[in-house]
Structure formats: C-alpha cells, structure tokens
Amino acid sequence: EAQVTQNPRYLITVTGKKLTVTCSQNMNHEYMSWYRQDPGLGLRQIYYSMNVEVTDKGDVPEGYKVSRKEKRNFPLILESPSPNQTSLYFCASSFGTGTNSPLHFGNGTRLTVT
Amino acid sequence: AQKVTQAQTEISVVEKEDVTLDCVYETRDTTYYLFWYKQPPSGELVFLIRRNSFDEQNEISGRYSWNFQKSTSSFNFTITASQVVDSAVYFCALSSYTGANSKLTFGKGITLSVRP
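In order, the protein sequence lines correspond to chains A and B.
In case it helps, the working numbering puts the first sequence at residues 1 to 114.
In case it helps, the working numbering puts the second sequence at residues 115 to 230.
Among these hints, one or two may not hold up.
Claimed, not checked - In silico DSBU-like cross-links for lysine-lysine, where the CA-CA straight-line distance does not exceed 30 angstroms: (1) A:K17 / A:K69; (2) A:K65 / B:K184; (3) B:K117 / A:K57; (4) B:K152 / A:K57; (5) A:K71 / A:K57; (6) A:K17 / A:K71; (7) B:K117 / B:K152; (8) A:K65 / B:K130; (9) B:K130 / B:K152; (10) A:K65 / B:K222; (11) B:K222 / B:K152; (12) A:K57 / A:K69; (13) A:K69 / A:K18; (14) A:K18 / A:K57; (15) A:K57 / B:K222; (16) B:K152 / A:K71; (17) A:K18 / A:K71; (18) B:K184 / B:K117.
Hints were generated in silico from the structure; no laboratory data involved.
Since we're looking at a predicted model, the values are computed, not measured.
Work out the full structure, taking the sequences as your base and the hints as a guide.
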C-alpha cells in the first residue's frame, strides 16, 4: 500500500532533550516536506526536500533540522525542543517538485514539549 | 505573497442539510493549483481535490461539488445531503507553480459538525 509513515504517532518530551521524528514513503517520490499544524494557524511548512541531499527552509524552520540521505526517508530533528514546538506535525511527499501531483500526507505526530 | 482565507471557522448543520465551505485566495501567479483537504477527528489529512488555474469547470464527485471562480478568487466546496461522517476540519490550500517547492499555503480550516 502506497503510504507516508511517520513515527512516533505521539511523543511527550521535556525541554532541551533532542528528538527525531521519522518519515518514510514507499512511492519513490522525489519531493518531501514537513508541516506543523497549530490551532487557528492552519498548516505551515517547516522544511522541504526536492531530492536526496537537497533540502531547503520553508516558512517556519527555526529550531528544526532535516536530512535527506535516502530518497525514502526525511527525518525531522529537534536538537533542543522548546514548549513552543508543541504541535501536530505532518510529513508529506509527492512525485514531482512542481505542483502537478498532490501531496500525500502521513498520519501526523502529536508532539508535546513540557 | 500567497494567502488563503477561510472566513468561516465553525459550521454546524443537521444531517441531510447542504453546506457550503468558502475559500478565497490571493496570489500574483498566473499558474497555480487549489486544493481541498479533509481532516477527520482521527487527525490524518485526506486529499479531496486539486484544481489548476486554467480549469474553471465545476466538479462534482458524489455528494461533493466544487465551484471555482477566478473572477472572485474563490474555490468553494459544497456538501450535499450532509452526513455525520462528514464531520471534520476542512482545509483549502493554494500552491504556485514554482518548479522547486510544492509548498501549500493553507487556510486556517473550517470545522464542520454534522448532527444526527
């Protein structure tokens, strides 16, 4: 089944403790991206990647890192999480780097930083 | 800069009523795409429709229909004979053809509650 898989689904952590949210897609998509969803703000893009070893900042990249060493994986790294990073995170992928194909989203990771 | 406005924040209807979700967008690009996504209570984002800026034909899919009007920069979504399973948050989104970043600019979402 074609899908985008994020793990974990839920995560509670403390301020400053490094964490990684994994994202994997099995559709051989070139493009991958991370979004965060906050009440009243909709979804905002954090980082994106057009292909292996090619990443760039989205609208709200501060406090996040990403890597794209393999085509299928695009982990989101929070080196020193803070409470304002408490949010619902979505990974997404699409076949092309343009807008011809719709983004396929993972099921989300709900992160709480205390 | 791109912007998507979903002025309605919450809508509550009784089952079998028709309901229209409004979406107004702003962009300077001549080529762009518009999307609707559904987020049920379980939290995942479900793709509903994509429409490109050159195709103003309305679309119907079962109980769902979409009205795209470039003249008013609107892409409204109508659910006919709503059902309880339609209860969800609905997002309208806009993407420009940059060739590099498939970034979607989302509206803030509309929470639809369908009561039995």
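Results for each hint:
1. Under the criterion of a C-alpha separation no larger than 30 angstroms, the hint pairing A:K17 with A:K69 is consistent with the structure, at around 23 angstroms.
2. In summary, the hint linking A:K65 to B:K184 is not supported, as the alpha carbons are separated by about 38 angstroms, beyond the 30 angstroms threshold.
3. Of the supplied pair hints, the one linking B:K117 and A:K57 holds, its CA atoms being roughly 19 angstroms apart against a limit of 30 angstroms.
4. As the CA atoms of B:K152 and A:K57 are separated by approximately 26 angstroms, the hinted pair is consistent with the 30 angstroms bound.
5. Taking the CA atoms of A:K71 and A:K57, the gap is near 18 angstroms; set against the 30 angstroms cutoff, the hint holds.
6. For the hint linking A:K17 to A:K71, the alpha-carbon distance of about 27 angstroms falls within 30 angstroms, and the restraint holds.
7. Simply put, B:K117 and B:K152 have alpha-carbon atoms about 19 angstroms apart, close enough for the 30 angstroms limit, and the pair holds.
8. At most 30 angstroms may separate the alpha-carbon atoms for a hinted pair to count; A:K65 and B:K130 exceed this at roughly 47 angstroms.
9. At most 30 angstroms may separate the alpha-carbon atoms for a hinted pair to count; B:K130 and B:K152 meet this at roughly 19 angstroms.
10. Between the alpha carbons of A:K65 and B:K222 the distance comes to roughly 25 angstroms, so the proposed pair stays at or under 30 angstroms and holds.
11. Using a Cα cut-off of 30 angstroms, the hinted pair B:K222 and B:K152 holds, with the two alpha carbons roughly 12 angstroms apart.
12. Among the hinted pairs, A:K57 with A:K69 is consistent with the structure: their alpha-carbon atoms are about 17 angstroms apart, no more than 30 angstroms.
13. Distance hint between A:K69 and A:K18 is fulfilled; the C-alpha atoms sit about 20 angstroms from each other, no more than 30 angstroms.
14. A C-alpha spacing of about 20 angstroms is found between A:K18 and A:K57, which places the hinted pair at or below 30 angstroms, so the restraint holds.
15. Distance hint between A:K57 and B:K222 is fulfilled; the C-alpha atoms sit about 21 angstroms from each other, no more than 30 angstroms.
16. The straight-line distance between the Cα atoms of B:K152 and A:K71 is roughly 27 angstroms, inside the 30 angstroms bound, and the hint therefore holds.
17. A threshold of 30 angstroms between alpha carbons decides the hint, and for A:K18 with A:K71 the separation of about 24 angstroms falls inside it, so the pair holds.
18. A threshold of 30 angstroms between alpha carbons decides the hint, and for B:K184 with B:K117 the separation of about 15 angstroms falls inside it, so the pair holds.
Hint check: violations occur at hints 2 and 8; the rest are consistent with the structure.
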